Amino acid sequence: MRYAPVLLFVACAMVPGFARGASSPLLEVSGDIPGQLALGAADLAALPRAKVTVRDEHGTTLIYQGVPALEILQRAGAPLGKELRGSNMTMCVVAGGSDGYQAAFALAEFDPGFTDQVILVADHRDGRPLNSREGPLRLIVPRDKRPARWVRGLTTLRLKNAR
1 MRYAPVLLFV ACAMVPGFAR GASSPLLEVS GDIPGQLALG AADLAALPRA KVTVRDEHGT
61 TLIYQGVPAL EILQRAGAPL GKELRGSNMT MCVVAGGSDG YQAAFALAEF DPGFTDQVIL
121 VADHRDGRPL NSREGPLRLI VPRDKRPARW VRGLTTLRLK NAR
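Quick note: the sequence shown, position 108, residue 108 per the numbering used here, numbers continuous.
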């Protein structure tokens with residue numbers, strides 16, 4: 001019986017989602033798309049990176065670094081580029097945070113054929129990892145006049161067809 005606590009720990013560690021380690025996903029992409037993604041820190045670090053310069057509500061200039069959301073949506077099989085027409089024009093992206101906060105976007109807002117804005121899945125601000133209040137990931141929408149859609153603690157991107 002003295003090994004019971006050790007055996008219980010090992011059994012729990014083998015249950016998917018029970019133990020959150022370095023390989024646990026930071027961002028999950030799912031919904032009405034061919035692929036589903038679960039991206040960890042190493043996955044995100046391997047993707048192309050970008051930076052955006054924005055002003056916060058106090059007028060302070062901030063530089064966010066991370067992965068363009070477009071890169072992530074493309075890897076999940078979202079209909080972008082020449083596929084973004086017809087019935088695909090009703091596709092929406094719902095970004096969700098760890099606190100339950102959500103913000104909705106038209107898929108076209110991410111596509112360079114429709115806009116030159118880069119919506120960023122940020123993991124750094126001013127050269128430092130995001131703090132626990134903002135991160136570990138935050139969706140940054142540089143051209144929004146208010147940061148209401150800048151989802152803190154970003155954990156999900158869910159694609160839905162609004163039809």
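Keep in mind the hints are simulated off the structure, nothing from the lab. Computed from a prediction, not measured in an experiment: that's the story for all the values here. A few of these clues could be false.
[To be verified] DSSO-like cross-link-like pairs, simulated, lysine-lysine; straight-line CA separation at most 27 Å:
#1 51 / 145
#2 51 / 82
#3 160 / 82
Checked hints:
For the suggested pair residue 51 and residue 145, the alpha carbons sit about 18 Å apart, so the restraint of at most 27 Å is met. Restraint check for residue 51 and residue 82: satisfied, since their Cα atoms lie roughly 26 Å apart, inside the 27 Å limit. Taken as a hint, the residue 160 and residue 82 pair is honoured in the structure, with Cα atoms around 19 Å apart against an allowance of 27 Å.
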